[in-house]
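Enquirer: Here the structure of chain A is known, so what remains is to put chain B in place on it, guided by the hints.
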Amino acid sequence: MSGKIRLIDENGLRVDGRKPNELRPIKIEVGVLSNADGSAYIEQGKSKILAAVYGPREVHPRHLALPDRALLRCRYHMAPFSVEERKSPAPSRREIELSKVIREALEPAIFLEKFPRTSIDVFIEVLQADGGTRCAGTTVAALALADAGIPMRDLVVACAAGKVDGVLVLDLNDLEDKEGEADLPIAYMPNLDMISLLQMDGQLTIEEFEQALNLAIEGCKQIYKLQKEALKAKYLAIKEEVETCLQ
Amino acid sequence: MFYFENRQIVTPGELLADGNYVAGNNTYKVGSKIYATRLGLVEYEGKNVQVVALNTVYIPSPGDQVIGKIEDVNINGWTIDINSPYKAVLRANEALSKPFKQQKDDLTSFLDVGDLILAKVIAFDRTIDPILTIREPGLGKITQGQIVKVSPAKIPRIIGRKASMINMLKKETECKITVGQNGIILISGPSPENERLAILAIEKIAQEAHTSGLTDRIAEMIRREKGVKL
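Chains as they are written, first to last, in our numbering: chain A, 5 to 251; chain B, 56 to 285.
Think of the hints as simulated: they come from the structure by calculation, not from any bench.
Every value quoted in this text rests on a predicted model; they were computed, and no experiment measured them.
Some clues are possibly wrong.
[Unchecked claim] Using 20 Å as the maximum straight-line C-alpha spacing, the simulated EDC-like pairs for lysine to aspartate or glutamate come out as follows: (1) A/Lys238 with A/Glu108; (2) B/Lys196 with B/Asp170; (3) A/Lys229 with A/Asp72; (4) B/Lys217 with B/Glu227; (5) A/Lys118 with A/Glu108; (6) A/Lys243 with B/Asp184; (7) B/Lys259 with A/Glu247; (8) B/Lys142 with A/Glu247; (9) A/Lys243 with B/Asp170; (10) A/Lys118 with B/Glu258; (11) A/Lys243 with B/Glu258; (12) B/Lys142 with A/Glu33.
[To be verified] Computed list of chain A residues with no C-beta within reach of chain B, every gap over 12 Å: (13) Glu129; (14) Glu245; (15) Val246.
Backbone N, C-alpha and C define an ideal beta-carbon position, used for all residues, glycine too.
Looking at chain A on its own, in the form it has when it is part of the complex (with noise of 0.2 Å):
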């Protein structure tokens, strides 16, 4: 960690003008792809990740099949020209770290046990990579998964909290992530107020960390308003051209 690159300036405020508890702008879309049961696209910053889920289907190879439940994939891909310098296509060996703690963030969330015998399938795509991808693949995930009309408890919703030049911030960048002073991503639940991904990076205190965690439980809940809305907002778009046509 270098001290040179001021993360906060002057006025308080960090690399990208924002306050230390302010999320990045978010931009969610769901039902982008016609050929997927369910998918949901999101931008946030400067991310930008597509998600697709494929199921409940047939699992392949057979032998694979769970008698009791579903059998949940996941694969979180990062494409080789999301970041600065190309990235082989090949799953790399935090891809494939990140695709099994997705899954078990995802994991809690859906019923699976009413499709035994059958495999749910979720495409991560991450096409424009700038810090927080992990989270925000969860959570575009989450409404992919709603979008295929799956059963599940709860949205899945995720957010990271760190902390940069000694202040406690929330949804870091990829400046942020790499210079800072530590990461903490969490995925959430916030109908059930349970949490489902619990990671960390670098160093905090214990009272550093608590507070760092309702900061991104706060953001969670942010981010699931917007969730929300996108999941609703492709319905509503059709019941309003329906009353305007009426009227």
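Expert: Chain B alone, transformed into the frame defined by chain A:
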């Protein structure tokens, strides 16, 4: 206590009701609280709270009429794609009128890969794949008509309350419309123009399934289209 108005759109996890209510379709109950499990329209009817889903997969249920496609021919039956996560089985003795003899009968001469059939589900549960039958009047191989595919969630809307929508469609378009519970619909009419009209109407219903006053609007649309074309 109810947290929404009737027929409002809800998302998974939203709290629908709290108190002495019964959790209906697409909801779950924790203590006295009822939550939605799917994106859909909430309906409160007396003590019952349910969500009418906007998108679902087809889960077979005994008694359902479905339209399927022959995917494979086996030694003593067929494997059929019924637009569901589970592949259906049609046994030879559920298709042939005479007893089936493996040495003599060639199953491909009866139904071959790619053929469409109208069938009925006779058995399905969590442990076995759905079993179909075509040994009932009206069932069997489909020889003519056009196929439309919609989300299985929209099927009740296409049929309508007391079959009002489907009867209207049949009357207005003069087509024979066979609805599979699995979201596949067969249309055969006196002319391609009538069939086109029926398909247009069905696609519009699927698109606007969550709006009210749909039957009247569809009827109006068909009449308008007929006025232009016929």
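Enquirer: Can you give the numbers of the hints that this structure goes against, from lowest to highest?
Expert: Hints 1, 3, 6, 8, 9, 10, 12, 14 and 15 contradicted; others consistent.
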